Every structure is written in structure tokens, then in C-alpha cells.
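> So you can see what is in the structure, the chains are spelled out below.
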Amino acid sequence: MKRTVLALAAAAALAVSGCAANANSNSNSGAEDAGDTLVAAYSEGGKTLDPAEANDVTSDTFVVAAYDQLVTYARTEDGGKPKAKTDQIVPMLAESWKASANNTSYTFKLRADAKFQDGAPVTADAVVKSFDHIKASSSASFLYKMAGIAKVTKVDEQNVKIDLTAPNHLFLQILPMYSFSIIDMDKVAQNGGPKWLATNTAGSGPYKITKWDPSTEAAMARNDSYWGDKPKLRQVNVKFIAEASNRVQLLKKGEVGLALEVPPKDVQSLKAADGVTIDSRAGNKILFFAMNNQIKPFDDPRIRQAVSYAIPYDKLLNDVMKGQASPMKSSVASSTPGFSDAGYTYSHDLDKARALLAQAGLPQGFSFDFTLGSGFDDWNDDAVLIQAELAKIGVKMNIKKMARPQFLEALETKKVQSYITRWTSFVNDPGYHLGLLLTSQGSSNYANFSDPVVDKAWQQASTEPDVAKRNKLYDAAQQEINTKAPWAYLYEYNIVVAHRAGLDGYTSYPDGIVRFFQLSVTK
Amino acid sequence: MNLVLRRVAAMLPALIGVVVCIFVLTRVLPGDPARTLAGDQADPSVVAKIRTDMGLDQPLHLQLVRYFTDLLHGNLGFAWHTGHSVASDFASRLPATVELALVALLIALLAGIPLGVISATRRDRPVDHAGRVFSLLGASMPLFWLGLMVIVVFYNKLGWAPAPLGRVAEGINPPTGITGLYLVDSLLTGDFVAFRSALSHIIWPALCLATGSTAIIARMTRSAMLEVIGQDYVRTAVSKGLKPSVVTLKHALRNAAPVIVTISGLQFGQLMGGAVITETVFTWPGIGSYVVQSVLATDYAPVQAFTLVAAVVYLAANLVVDLVNARLDPRIADA
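From first to last, the protein sequence lines are chains A and B. End of the first sequence sits at 795 in my numbering; the numbers just go up one at a time, nothing left out. End of the second sequence sits at 1674 in my numbering; the numbers just go up one at a time, nothing left out.
Only chain A is shown next, with the shape it has when bound in the complex (with noise of 0.2 Å):
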């Protein structure tokens, strides 16, 4: 006993001489000025830091700051903020380009000056070759196949030639996207191929990750040798904190200088707060109440119109949401170029809800499965106050709970009888929005609606370069979509950005990713 006291000693007087220099014996760590230094809060950490196989706000987050694009897009200001303009595409690596006459083919020419952050430059090869690994991912594969990409060859060095299988118009909208960042492929060789990516970056972009550790904390530090203009941020730390009201409270604390995913319900405490900005701006992510259109008796429009009239829509909107989202008058968001609400009719009104009810043979009302996913607060409050007003006309609820992972699976099935989802169409276009959803086709039609009038319209729309001829034909299907009411809509959701005073620069996008280059810190 006494000896192993004595060595214990022993060992720890070794270690105290030994280590004179500890980790914190530099009496200015951490003294870095907090000026051009941001810590984020964030609700979860992200899954992969591969731009193709990126899905979720946070892994998304990283791969913008770490990546370039060919193209992106175009910032306008609204109302004095300022905000992405979707459908105009702007130079980023690629500094011009060309469409053949036909619409079927486009060369890029490279800037010359645009590096990877290890010095390498960025060439016609890392072009061709990042396409190479997009088209070979799990995740954005099925976007390659939507741009319509038939091949994609280098002309010269500074060159590369998309041709595509017929023309397409969400090709220019789709190549801005996080996906189709170019990476250092030649440098992911040398690390044993693409699974290194999940991990590691090998991008040009304005921020190098300098740790990821997707249950605490992650770290970006400013590209010194970026090619474009210089980050004004030195550092930016990003918290995955789960819990709502901690994000609510460090940023009230300024420990925080901005905060994601506010809850409604504490919007207001913090618009009071001293020092503390709200910005919630409309985006494209809407929410939908969608009924199985192969399952009694929703099969009917008339009783699908019916359910749309027994929402209780200004509940929902200042109640639940308490004022972070608008109204929902068509299945495309109103922020997306091509939005209409032709044919849009619903609002709160029983008596029609009745009479249409009568219509369809059901006037004594009917009963009904309703699947809730977990996950979403506002979800379970909306699928409350919708039973409540649907008893009023005789119709019941049966509402049915599920985790998240097993709701995303029973979807799949399409045997859902009704549920609510929500939706963000990463692509700004009612093409990607209509084809994935509402299209006989769609791989989340998970409705089963089909109309032979939406497909032929959307089908046409997709080869029409024509931006009005196209809208023309969005219309149209929108409005077929309005009438017939697959889904009832309940709102689009804000966008929520909540920050200390004094953080300038950010830009709203529909895709609700942070753009950390474009923020500064003024105090």
C-alpha cells in the first residue's frame, strides 16, 4: 500500500517538472480578439462533409464554406436585406460560359486564378472528375440525372464542355447547388478515394474545417489565399446544441452570435431582448396536409376540397407558428419563380366543408387514419387543432404516431392514408418541386395523385426553354393541382435566423444555409 502511494507521488512530481510548459501556460491563449471571430448555434452537427452525399442543413453548411461552385446565385436586396435571387446564375469558378444553339450543350470557361486551399490550381480535369463522383454518389446522383448530364469533357485546360440529353432548364439551377461543388479529386486519390471526403475537405472554397465532431462542435478558419474576396470572419465555431431553449438562452447571453431553428414560441421573447435580432424571412419549405388519393374516400376531390375547407388556417398561422410562417395558396412555394394560385380557393368556412361533404355522398362524415411523424413541435399542434375542427363536421381523426425514421419508411409504401410533411425544394424551380411530388412518377408522390393534365404539362415545361411558355405550363398544372387538392396546404414556413446586433452581411436563401464568407462583425 504505502509503496504504490509512494510511486504515485513519484509520478506525479514527474509529471509536474516535466510538463512546466502546460497547455494554457501562454497567459494570452484565448485572448484572440472576439471581433472577426462568430460562434454559431446549431441543432444537430451534420453527417458527412462529402458535397454529394450532403443532405441536411449542417453538412450542407460546411460544404459551401469549404467549396466553389461553377455558377451561383445572384444576391438582391429586399427591403434593405439582403436576400439570393434563385433564378439568376452568376459566375463563380466558371467566369463565362456558352449554350450551344440548341440547348443541349455548355462550355465553361474556368477563371484562371481560382486555387484549392492547398495550392493546387482549379483545372478542367478537377472538373470532369468531380462530375465523375457525383454521378457515382448515393445522395446527389438523382440530381445529376434530373440536370439531364450526358457527358461531360474537358475542351483544354481551362475549358469543360456539360452536353446534355435534351434541353433542360433546372440544369443551370441545379449546378449552384452544394452538390455539384468541385473538388481536389486528385487529391481525394491520394487519401485512398472518395470515402475520405466524408471526413475531410479537398475544396477551393472561403473556409478550410478545421475540426468536425458531429455531437459538439465544429471549426472553420478563414481560406488566407481565397481567390475571391476575402472572408471577412477570421473564425467561425459552430455548437450543436439539441436543445432549443440553450440556443435561445446563450444567444440572449451574446455566448452565442447566432442561433438556428429558434422555436417559434421564444421569437417574441427574443425580439425583446437587448442586442438580439430576428430575422424571419418567407422561404420555400412548406408544410402539407396530404391525403392518400388511392384510399376511401379520399379518392373524391370533393372530399379532399372539404378537409381543405375544415382547416383552421389563422390558428395555425398565429397560434401554433405564432406568426413565423404565411399562407400556403398553392402546392409551390410563393417565393419560387413560376408560383401560382390560380384555382385556390379554401379558407376557414364549415358550411362549405358540409355541403361538399353532401356532395360526395358523405353527409354524416366519415372516419379516417392520420399518421404523425415525430420530430416537429408545430406538427402535433396542427394535427390537434385540424381533429378538433374536422369533429365539428362529423369527420374523425384517428391520429397515429410514429419516430421519424419509421414515418419516412411508411411513406415510402404510399399506403399512408393522410399525413402532414413538410418540403424544401432545394432546386428554386416548380419543375423539381411538381416532378418529385406531384408528377404519376414522383418518388415522393407519396399521395398517389395522379392527373394526366399535371403530367402533360410538366412534361412539356421541362424541354421548354421559354422562361413565359414555361410558366405558362407551371400554371396550369398549378391550378389543375388547386382544384383537385391532393394535399390541404397549411403554411410556408419563415426562414429564422436569430443574431446578435451588429452581424451584417446575411443573406436569406431558400435552402436556409448560412453563408458564413458573406458575414461580418461591426460593434
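Worth flagging that the hints you see were computed from the coordinates, not collected in a lab. Note that the structure is predicted; figures quoted are calculated from it, not measured. Glycine is no exception: its CB is placed at the ideal position from the N, C-alpha and C atoms. You may find that some hints are simply not true.
Between beta-carbon pairs, the in silico distance windows are [claimed, not checked]:
hint, chain 1, residue 1, chain 2, residue 2, range
1, A, G647, B, R1464, 43 to 53 Å
2, A, K672, B, F1531, 37 to 47 Å
3, B, G1498, A, D397, 55 to 65 Å
4, B, A1387, A, S541, 44 to 54 Å
5, A, T617, B, L1635, 48 to 58 Å
6, B, A1387, A, D397, 24 to 34 Å
7, B, P1481, A, K353, 20 to 30 Å
8, A, V739, B, L1635, 38 to 48 Å
9, B, C1360, A, G647, 20 to 30 Å
10, A, Q659, B, F1531, 25 to 35 Å
11, A, D308, B, S1479, 31 to 41 Å
Which residues of chain A face chain B? A few of them, derived with a C-beta cut under 7 Å, are [to be verified]:
hint, residue
12, K319
13, A408
14, S410
15, W468
16, N472
17, Q507
18, K511
19, A514
20, E515
21, Q678
22, L680
Output of the computed footprint for chain A on chain B, the stretches with three or more beta carbons under 8 Å from beta carbons of chain A [said to hold, decoys possible]:
hint, region
23, 1418-1432
24, 1492-1502
25, 1561-1570
Starting from the known structure of chain A, arrange chain B on it as the hints suggest.
Below, chain B without anything else, positioned relative to chain A:
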């Protein structure tokens, strides 16, 4: 030594049982990890491809055989949602959890045992009643609520606690790693800046985590003490004219010790489980918050590994309890 071997041998079937159970349970429950990984806009062919990559298209028994083969090679699997091997994820996080659980256990012992002893020696007096109320509250308060309240009151309102953002304050370097336990490492390297920061960060989650265990240890100590205090030899000791403190600590507490040791060992296992909640609330970078992320992402391997580690910790705690008790009371070793 014989005792140790016997106990370890008895642990093996239990561990294998735990591994098989959790393996089958995670896979039989609905919820497709490939779908979660692919995101909700990907089409079914993408999901099928991921499923094949993960080996989830194989029959369950083949997956199980592969898992055991990997396990015997010391491979705990791959965490899809972090892109790292589970072993390396655990290596970087386990020390944080162990440190939190140890500090909590220390608090629970230092507070629980004296509380129990005092309650027993002053039975049915105000102190005893106060102890009873505390125990009732402590044992029944939901941990996540307690954690949130501590943050609201001590961080937000009073400003005594640091921001619940990890193990040391922003801008302070973690101590040079030796054991991975920040308090120990910072003392060993004489890094008092880090020690102070680490202590102020760990004390709040540890207090929350310790509350339930303190209550239970106090109650068990009290009842064990009461049983012993009623025995003849204690009356003899008192009538010999020994000081009350000597009677309580030397004669009574010593004989109540096996019960207290047993319950404390079980509490350590409980603390590891409670860490899952505490870590999430305090953004503590341990395996608790990690396993919550894994569950949400339907990431099987880390969940299985956590269950395995938790089972090992539980069994190891039992073993330590047996050994300590054998030392306290040689009769137990032969049982």
C-alpha cells in the same frame, strides 16, 4: 484471485446475451437507416444502393455473424453519421463521460452517506424528515428537467454557472492529454487555468446527475444503519461508554458498509445511463450525447457499442462491489 476469475467467467454469457439482444432489437424495429442517410428527397434506387453498401440487404443471421467476427477482432463497427470508426469516436468521448460519472459518484457518496448516517442517528427528528423530503424529490425529479432548470437559474438568471458548452470555456486550451480526465490532467501538468475552468464546467452537470443517486444512497444508508444500530453489539458498545461518534462510525457504519457499497456500485451503472440525458442538456462531449445522435440517425453500430460498454461497466461495477465487500467481510468471499 479465484473470485475474480469466477466472476469474469460468469460475465461472458451475460455480455453475449446483451450483444445479441440489442443487435436483433435495433434491426427488427422499423426505421431504415439507409432512408435516413439518403434524406427524404432521394429516390428509392438511391436508398437501395446505400442499403447494399451498408450490408443491410443481407439476412439477419449473416449480419450477426459478421458483427461477432468484427467484435472478436476488436472492431466495434463504423458510425455512418460521423464517418469515423466507432472505436475512435468512443476513444475521444469516453473520458468525458467517465469523468462526469466519477465526479457525480463522488458527490453522491460524499453527500449521500453522511445524510443517511445523520438521518439514522437522528431518526424521526427534523433532520430525518428533511432528508426524507430531499430523497423523495431527488429520486423522482426528471433529470432533463432538472438540467434545464439548473441552466435557466444558475447560468441565465444568476450567472454563477458557465455557458453549458462543453468541458472548458471557449478560448481555454484543454489540458495536455494524459488520462483524458481534464481535472486529473490539469493537476498533473500544473495547469490551474484549465483546472478551474474544467471544475466550473463539470460541477453543474455532475450535481444534476448526482441528485438521484445521492437520494438513493442516503435512503439505503439510513435503513442499513437503522438495522445495525438496533443490534446487541451496538448497545454493548454504547453501554461500555464509547463516544457516540466512535459507535456510529466504527461499529455501526462499518457493519452497514456492505449494503452501502453494493448500492453505490449499482449507482455507478445508473450514472452512466443518466449521462445520456445530462450530456445532451449540457452539450457535454461524451458518449451519452453521441449515442443520442446515433439513435436519431438510426446509426446501429454506435448504439450497439454503447450498450456493450454500458453492460461491461455495469458488470465491472458489480465485480468491484463483490471484491470490496469480500475485503470488508471475508464471509462473503466464500459464499
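> Now tell me, hint by hint, if it's right for this structure.
Structure-based check of each hint:
Hint check: A/G647 to B/R1464, Cβ distance near 51 Å, so the stated range 43 to 53 Å holds. At about 57 Å, the beta-carbon gap between A/K672 and B/F1531 misses the expected band of 37 to 47 Å. The hinted range of 55 to 65 Å is satisfied by B/G1498 and A/D397, whose Cβ atoms lie roughly 56 Å apart. The hint said 44 to 54 Å for the Cβ distance between B/A1387 and A/S541, and at roughly 46 Å that hint holds.
At about 40 Å, the beta-carbon gap between A/T617 and B/L1635 misses the expected band of 48 to 58 Å. At about 32 Å, the CB distance of B/A1387 to A/D397 agrees with the hint of 24 to 34 Å. Taking 20 to 30 Å as the suggested C-beta distance range, the pair B/P1481 and A/K353 does not conform, at roughly 41 Å. For the pair A/V739 and B/L1635, the beta carbons lie near 41 Å from each other, so the given range of 38 to 48 Å is met.
At roughly 27 Å, the beta-carbon separation of B/C1360 and A/G647 lies within the given 20 to 30 Å, and the hint holds. In this structure the supplied range 25 to 35 Å is violated for A/Q659 paired with B/F1531, their Cβ-Cβ distance being about 59 Å. Roughly 48 Å separates the CB atoms of A/D308 and B/S1479, a value that falls outside the hinted 31 to 41 Å. Proximity of A/K319 to chain B holds as hinted, the smallest CB-CB distance being about 5 Å (cut-off 7 Å).
Residue-level restraint check for A/A408 is violated (minimum Cβ-Cβ distance to chain B is 10 Å; threshold 7 Å). For A/S410, the interface hint holds, the least distance from its beta-carbon to any beta-carbon of chain B being 5 Å, beneath 7 Å. Using the Cβ-Cβ criterion of 7 Å, the hint placing A/W468 at the interface with chain B is not satisfied: the shortest such distance is roughly 9 Å. Contact between A/N472 and chain B, as hinted, is not supported at the beta carbon level, the nearest pair being about 9 Å apart and thus beyond 7 Å.
Annotation: A/Q507 was flagged as interfacial toward chain B, and the flag is violated, the nearest CB pair being 11 Å apart, outside 7 Å. Residue-level restraint check for A/K511 holds (minimum Cβ-Cβ distance to chain B is 6 Å; threshold 7 Å). Hint on A/A514 holds. Least Cβ distance to chain B is approximately 6 Å, under the 7 Å limit. Here the hint on A/E515 is kept, as its CB sits about 6 Å from the closest CB of chain B, short of 7 Å.
Annotation: interface hint on A/Q678 holds; nearest CB of chain B at approximately 4 Å, less than 7 Å. Proximity of A/L680 to chain B holds as hinted, the smallest CB-CB distance being about 5 Å (cut-off 7 Å). Here's how the region 1418-1432 of chain B fares: 7 of its residues keep a CB closer than 8 Å to some CB of chain A, so the rule of at least three is met and the hint holds. Three residues within the 8 Å Cβ limit are the bar, and the region 1492-1502 of chain B against chain A gives 3, so the coverage statement holds.
Here the region 1561-1570 of chain B counts 0 residues with a CB under 8 Å from a CB of chain A, which misses the bar of 3, and the coverage is violated.
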